[in-house]
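Respectively, the protein sequence lines represent chains B and X.
Just so you know, we're using the working numbering here: the first sequence kicks off at 1 and counts up by one.
Just so you know, we're using the working numbering here: the second sequence kicks off at 1 and counts up by one.
Just to be clear, a hint being listed does not mean it is correct.
[Stated by the list, open to error] List time: in silico DSS-like cross-link candidates among lysine-lysine, alpha-carbon distance up to 30 angstroms:
{"id": "1", "chain 1": "X", "residue 1": "K220", "chain 2": "X", "residue 2": "K230"}
{"id": "2", "chain 1": "X", "residue 1": "K434", "chain 2": "X", "residue 2": "K399"}
{"id": "3", "chain 1": "B", "residue 1": "K140", "chain 2": "X", "residue 2": "K434"}
{"id": "4", "chain 1": "B", "residue 1": "K251", "chain 2": "B", "residue 2": "K400"}
{"id": "5", "chain 1": "X", "residue 1": "K265", "chain 2": "X", "residue 2": "K363"}
{"id": "6", "chain 1": "B", "residue 1": "K474", "chain 2": "X", "residue 2": "K295"}
{"id": "7", "chain 1": "X", "residue 1": "K399", "chain 2": "B", "residue 2": "K135"}
{"id": "8", "chain 1": "B", "residue 1": "K540", "chain 2": "X", "residue 2": "K295"}
{"id": "9", "chain 1": "B", "residue 1": "K539", "chain 2": "X", "residue 2": "K265"}
{"id": "10", "chain 1": "X", "residue 1": "K399", "chain 2": "X", "residue 2": "K432"}
{"id": "11", "chain 1": "B", "residue 1": "K145", "chain 2": "B", "residue 2": "K9"}
{"id": "12", "chain 1": "B", "residue 1": "K196", "chain 2": "B", "residue 2": "K215"}
{"id": "13", "chain 1": "B", "residue 1": "K435", "chain 2": "B", "residue 2": "K251"}
{"id": "14", "chain 1": "X", "residue 1": "K265", "chain 2": "X", "residue 2": "K220"}
{"id": "15", "chain 1": "X", "residue 1": "K265", "chain 2": "X", "residue 2": "K236"}
{"id": "16", "chain 1": "X", "residue 1": "K90", "chain 2": "B", "residue 2": "K535"}
{"id": "17", "chain 1": "B", "residue 1": "K540", "chain 2": "B", "residue 2": "K251"}
{"id": "18", "chain 1": "X", "residue 1": "K90", "chain 2": "B", "residue 2": "K145"}
{"id": "19", "chain 1": "B", "residue 1": "K197", "chain 2": "B", "residue 2": "K251"}
{"id": "20", "chain 1": "B", "residue 1": "K145", "chain 2": "B", "residue 2": "K539"}
{"id": "21", "chain 1": "B", "residue 1": "K412", "chain 2": "B", "residue 2": "K459"}
{"id": "22", "chain 1": "X", "residue 1": "K399", "chain 2": "X", "residue 2": "K457"}
{"id": "23", "chain 1": "B", "residue 1": "K541", "chain 2": "B", "residue 2": "K282"}
{"id": "24", "chain 1": "B", "residue 1": "K435", "chain 2": "B", "residue 2": "K459"}
{"id": "25", "chain 1": "X", "residue 1": "K90", "chain 2": "B", "residue 2": "K46"}
{"id": "26", "chain 1": "X", "residue 1": "K236", "chain 2": "X", "residue 2": "K295"}
{"id": "27", "chain 1": "B", "residue 1": "K541", "chain 2": "B", "residue 2": "K459"}
{"id": "28", "chain 1": "B", "residue 1": "K535", "chain 2": "X", "residue 2": "K265"}
{"id": "29", "chain 1": "X", "residue 1": "K231", "chain 2": "B", "residue 2": "K539"}
{"id": "30", "chain 1": "B", "residue 1": "K135", "chain 2": "B", "residue 2": "K145"}
[To be verified] Sample of chain X residues facing chain B (criterion: CB under 7 angstroms; computed from the structure):
{"id": "31", "residue": "I56"}
{"id": "32", "residue": "G60"}
{"id": "33", "residue": "T142"}
{"id": "34", "residue": "Q158"}
[Unchecked claim] Among chain B residues calculated to face chain X with C-beta under 8 angstroms, some are:
{"id": "35", "residue": "T122"}
{"id": "36", "residue": "R410"}
{"id": "37", "residue": "A416"}
Keep in mind the hints are simulated off the structure, nothing from the lab.
All C-beta atoms in this analysis are idealised placements derived from N, C-alpha and C, irrespective of residue type, glycine included.
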Amino acid sequence: MELINQHTKRIMEGCKERARAAGLSFTDESLEYVVTNRDLLELTPKVMIPTLYDYWVHDVEVLREKGKYELYPHNPYETVINTRPPISFYNDNNPDWLNVMIFYHVLAHIDFFQNNLYFRNTWDYDFTGQALSDKRVIAKLRAEKGRWVDYVIEFARGIDNLVDFHGELAGLFIPPETVCSSRLDYYFDVFLQSEKKVSVSEYIKEVNRYNDCSKSSGEQGEKAFFTEAEQRYPELEAHFTRSGEAQPVRKRDLLGFLLDNSDFLARDENIWMRSILEIVRKTSIFFQPQIRTKILNEGWASYWHERLFLQDDRIRGHEVDFARVHAGVTSMPRVGINPYALGMRLFSHVEEQADKGHLSLEFQRIMDSDLRKKYDTGTATGHDFIFSLRENLSDYLFLKNHLDQDFMDRHKLFVAGKRLDQQRMVWQYYVKSRKAHDYQQMMLDSLYHPPVITVDQTKGIEGSLYLNHTFEGKQLVQEYIANTLMGIEYLWGSPVHLETSEAEMAASPLPQSDQEIPRDEEITWQRVVYAMNEKVLSKKKL
Amino acid sequence: MRIDLLAYIEELKARGLDHEQEARIRAELATASDGHPLPPLDLPQDTWLNDFSRSIYAYGDQLMLRQAVTPRLSSAALAKSLDDLLERDKQREEDGFPRKIKVGKLVKPGRGRAGKVVVVPTTVEEKLFHDPTIHPPGEGGTSGGTGDGEEGEVIGEQPVRDEGESSGSGPGQGNGENHEMESSAYDLGKTLAEKFQLPNLKDKGKKRSFTRYTHDLTDKNRGFGQVLDKKATLRKIVETNITLGNIPEISDIDPTRFLIAPRDKVYRVLSREKDYEPQAMLFFLRDYSGSMAGKVTDLIVSQHVLIYSWLLYQYGGQAETRFILHDTEAREVPDFYTYYNSRVAGGTQVSSAYRLVNEIVEKENLARDYNIYVFHGTDGDDWDAGGQNAIPELEKILKFVSRMGVTIAEHGQGESGSTEVARYLRGSGLLKDKAELLRMDIMAEDADEPRLIEGIKKLIS
Chain B
1 MELINQHTKR IMEGCKERAR AAGLSFTDES LEYVVTNRDL LELTPKVMIP TLYDYWVHDV
61 EVLREKGKYE LYPHNPYETV INTRPPISFY NDNNPDWLNV MIFYHVLAHI DFFQNNLYFR
121 NTWDYDFTGQ ALSDKRVIAK LRAEKGRWVD YVIEFARGID NLVDFHGELA GLFIPPETVC
181 SSRLDYYFDV FLQSEKKVSV SEYIKEVNRY NDCSKSSGEQ GEKAFFTEAE QRYPELEAHF
241 TRSGEAQPVR KRDLLGFLLD NSDFLARDEN IWMRSILEIV RKTSIFFQPQ IRTKILNEGW
301 ASYWHERLFL QDDRIRGHEV DFARVHAGVT SMPRVGINPY ALGMRLFSHV EEQADKGHLS
361 LEFQRIMDSD LRKKYDTGTA TGHDFIFSLR ENLSDYLFLK NHLDQDFMDR HKLFVAGKRL
421 DQQRMVWQYY VKSRKAHDYQ QMMLDSLYHP PVITVDQTKG IEGSLYLNHT FEGKQLVQEY
481 IANTLMGIEY LWGSPVHLET SEAEMAASPL PQSDQEIPRD EEITWQRVVY AMNEKVLSKK
541 KL
Chain X
1 MRIDLLAYIE ELKARGLDHE QEARIRAELA TASDGHPLPP LDLPQDTWLN DFSRSIYAYG
61 DQLMLRQAVT PRLSSAALAK SLDDLLERDK QREEDGFPRK IKVGKLVKPG RGRAGKVVVV
121 PTTVEEKLFH DPTIHPPGEG GTSGGTGDGE EGEVIGEQPV RDEGESSGSG PGQGNGENHE
181 MESSAYDLGK TLAEKFQLPN LKDKGKKRSF TRYTHDLTDK NRGFGQVLDK KATLRKIVET
241 NITLGNIPEI SDIDPTRFLI APRDKVYRVL SREKDYEPQA MLFFLRDYSG SMAGKVTDLI
301 VSQHVLIYSW LLYQYGGQAE TRFILHDTEA REVPDFYTYY NSRVAGGTQV SSAYRLVNEI
361 VEKENLARDY NIYVFHGTDG DDWDAGGQNA IPELEKILKF VSRMGVTIAE HGQGESGSTE
421 VARYLRGSGL LKDKAELLRM DIMAEDADEP RLIEGIKKLI S
């Protein structure tokens with residue numbers, strides 16, 4: 001890998017100026033490298049992070065068909081990575097005009113990385129630097145522990161999708177004014193609710209009393225409040241002290257939970273495994289925002305590369321070349337979902353809506369389609385509005401909030417279905433629905449969504465770990481359960497249980513190739529518990 | 001023909017047939033009229049439909065912005081890592097963890113590129129995640145779409161792949177993003193021969209030689225070439241100089257005064273040389289009766305792909321192959337594609353295939369010119385109880401064959417090794433008497449690739 005030449009770098013700097021002028025914001029420095037196909041071959045298994053730790057699975061073709069990439073919360077073919085400074089990768093034989101387009105695309109990505117709040121956890125450090133030191137740690141451990149390092153990496157990676165990314169984020173966004181004393185937190189969140197189990201009206205009475213106290217006594221209000229509370233509950237202070245000793249439990253973060261609570265990992269001879277778990281967890285958390293903003297991020301980048309390219313005075317004469325490449329990237333497929341195309345159109349659509357004042361209650365209440373079409377308040381706030389989208393939303397919210405029927409109709413979108421024609425033994429693809437709600441649902445279903453698996457500390461018997469899968473209408477991939485649980489058992493050091501739901505297909509009656517049959521009735525769900533004990537998996541129904 | 005079969009069953013019944021056998025035979029017979037169609041061609045029909053199941057996460061900048069093509073590992077790099085990987089996998093087992101590497105992901109040979117198979121070490125990183133493939137039966141999921149069409153309107157069709165003959169490891173999967181690397185059958189054979197140390201087939205006397213070419217530095221050429229032939233060159237130079245009168249005194253030659261013409265330089269050049277090698281003829285026999293539906297067929301054809309590829313490598317494409325399919329009647333098919341893909345149906349007469357082999361060998365007088373190898377794959381079912389017809393034919397084959405390997409992929413039910421074919425082969429005593437010529441390998445329906453390779457070793461060691 002080598003840096004792009006000065007000529008190309010100058011073009012990049014020109015793109016930066018123009019992008020800044022259009023409102024994008026990003027750090028000054030960036031690194032651009034020329035990569036060959038050979039480099040790509042080495043980079044893609046490492047998610048384009050050149051310094052990521054080595055792991056033998058990277059040398060093997062990984063079967064991705066089953067999970068359709070869901071296992072891998074990242075895109076291996078990224079052009080720019082979210083580091084400090086951001087690093088992007090290029091062909092060495094791109095013509096200048098194409099580089100200009102790609103540069104704008106890249107700059108919009110960088111703007112997104114550095115402004116979207118889901119990336120907040122990645123803002124304060126350089127991931128390549130960290131990854132390099134992690135890589136060295138792992139290499140050193142490998143020299144000492146040999147293949148066992150790879151087993152631990154494997155087991156840790158087996159649960160690296162269960163890291164509670166949102167919990168991690170939530171911690172970063174507590175506004176300072178809402179911070180109150182841990183005593184107060186304990187009293188209202190734990191003591192009253194879990195210990196005393198007071199009624200709602202009593203609880204509210206206490207909240208009011210607290211508010212009165214702080215209003216009348218100001219700084220001293222909390223003290224006054226607790227004087228009275230302690231009279232009523234003399235045991236409060238003792239309970240509070242005891243609660244302070246117990247660590248907060250990371251229930252939704254299985255990797256974190258194992259780090260905090262596994263006796264096996266706490267043993268002297270196993271303490272080295274914890275650094276590996278930390279590394280795997282950090283790496284996973286780093287990639288989480290990216291996979292949750294795929295449509296938004298690609299849409300944003302496509303929107304800007306189109307806009308900025310067409311305004312750029314340096315590449316006059318290449319409009320047709322551009323149009324061809326651009327159409328290849330952003331045309332809507334007849335079936336399937338292209339995140340670039342969808343995201344870009346949705347940004348333009350929302351911008352226009354905001355410009356015309358369509359995002360108001362007043363507009364929502366108009367039923368007359370003719371009036372709706374003509375409605376235009378001329379507010380012209382679209383530009384600011386899409387910037388607020390890029391700052392605050394993820395794919396889920398973007399689709400949930402802004403994919404509406406107008407958008408569907410405008411771009412002739414539909415939900416495509418696939419069904420079996422038994423007579424002719426063909427799969428038929430058909431227009432299943434043109435309703436915005438159905439399309440939205442289909443899209444939301446296809447988004448990355450790791451299962452919610454929480455540790456239930458009340459149910460583990462004799463040191464075993466009890467995991468509870470919150471059922472959301474989808475079962476877990478069954479053939480992966482055994483090996484994953486085996487890994488967890490290894491890291492936990494005792495048996496592991498997993499409670500989950502499984503589909504029981506109605507065996508016999510084949511559907512009569514109509515789509516009329518209500519689909520849900522054919523699947524019944526059964527709650528089951530898997531147990532992994534000494535590498536042997538067993539299952540029983542609940 | 002069906003009537004014949006019915007009559008035949010009656011005949012069998014008269015000879016004594018238990019209920020279970022009869023039920024099995026009748027079940028097979030019911031499929032007899034289905035024929036053996038080939039699956040529809042895997043042409044890139046309506047490739048746009050492949051986007052249907054493409055995840056949004058399968059899109060990436062490098063590919064979308066035309067900066068890169070999907071990178072593929074070269075088979076050379078692969079073969080290098082394969083060693084380590086298999087070693088590692090073995091170590092895993094010793095450490096008490098299940099194996100993780102799968103070798104030999106195979107793709108159906110397509111028409112016109114009959115030898116195209118794929119070997120890839122693959123693995124899966126198991127995690128707990130939602131299974132997107134759970135649909136009610138007959139439904140295939142949903143995706144997005146753009147364009148015209150009323151609700152309910154069909155916008156495209158794609159043939160269902162024949163589930164009976166291709167399992168999950170199967171052909172043509174992974175639409176859109178083609179992640180397997182393709183290496184030729186030759187490469188697969190190379191991998192097999194080198195990595196799994198399959199024992200070589202024995203040369204059974206050089207009966208007659210067939211030509212094949214090797215390249216060697218034998219031809220001479222004046223003026224240019226690969227290696228200078230010094231002696232010949234010197235001789236030429238002397239000749240020239242004598243003609244020129246440049247050597248007045250034979251007893252006093254001063255080489256520094258030689259005039260050297262470019263044409264005097266004699267070189268060796270690479271040339272094609274005939275090489276003599278023993279010739280092999282391979283018969284692949286496959287039972288494609290109704291009972292072969294599902295995994296067993298997959299196993300048999302997979303094993304035959306492996307053998308076929310390996311032989312292509314070992315004999316540099318010089319081994320000739322014949323393909324024979326049989327139910328109650330046998331027929332020879334022209335290429336591996338048809339052999340691989342023909343659908344199962346009908347009843348079972350193993351003897352029919354053996355007879356056809358004998359007929360071909362006799363008619364074409366192959367026994368004189370070739371080392372003959374016969375590989376037969378079956379699920380062990382045979383209507384011909386006791387092998388009354390099959391054994392005599394088999395004995396005939398054993399007279400000329402260099403090695404015959406019978407693979408029996410058993411269905412789950414019943415005791416292992418209790419299938420009809422296994423029983424009469426054992427009963428005949430041929431397995432013991434002619435152990436050098438006849439081998440049998442019995443595997444369960446759920447055998448994996450390493451087991452298949454194990455099986456090949458057994459058949460040809």
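Evaluated hints:
no.	hint	in the structure
1	X/K220 with X/K230	holds (12 angstroms)
2	X/K434 with X/K399	holds (10 angstroms)
3	B/K140 with X/K434	violated (58 angstroms)
4	B/K251 with B/K400	holds (28 angstroms)
5	X/K265 with X/K363	violated (55 angstroms)
6	B/K474 with X/K295	holds (28 angstroms)
7	X/K399 with B/K135	violated (64 angstroms)
8	B/K540 with X/K295	holds (28 angstroms)
9	B/K539 with X/K265	violated (83 angstroms)
10	X/K399 with X/K432	holds (15 angstroms)
11	B/K145 with B/K9	violated (45 angstroms)
12	B/K196 with B/K215	holds (26 angstroms)
13	B/K435 with B/K251	violated (38 angstroms)
14	X/K265 with X/K220	holds (10 angstroms)
15	X/K265 with X/K236	holds (7 angstroms)
16	X/K90 with B/K535	holds (18 angstroms)
17	B/K540 with B/K251	holds (24 angstroms)
18	X/K90 with B/K145	holds (18 angstroms)
19	B/K197 with B/K251	holds (22 angstroms)
20	B/K145 with B/K539	violated (34 angstroms)
21	B/K412 with B/K459	violated (51 angstroms)
22	X/K399 with X/K457	holds (23 angstroms)
23	B/K541 with B/K282	violated (36 angstroms)
24	B/K435 with B/K459	violated (44 angstroms)
25	X/K90 with B/K46	holds (25 angstroms)
26	X/K236 with X/K295	violated (71 angstroms)
27	B/K541 with B/K459	holds (16 angstroms)
28	B/K535 with X/K265	violated (75 angstroms)
29	X/K231 with B/K539	violated (83 angstroms)
30	B/K135 with B/K145	holds (15 angstroms)
31	I56	holds (4 angstroms)
32	G60	holds (3 angstroms)
33	T142	holds (5 angstroms)
34	Q158	holds (5 angstroms)
35	T122	violated (18 angstroms)
36	R410	violated (11 angstroms)
37	A416	holds (4 angstroms)
Going through the hint list in order, the structure does not satisfy hints 3, 5, 7, 9, 11, 13, 20, 21, 23, 24, 26, 28, 29, 35, 36.
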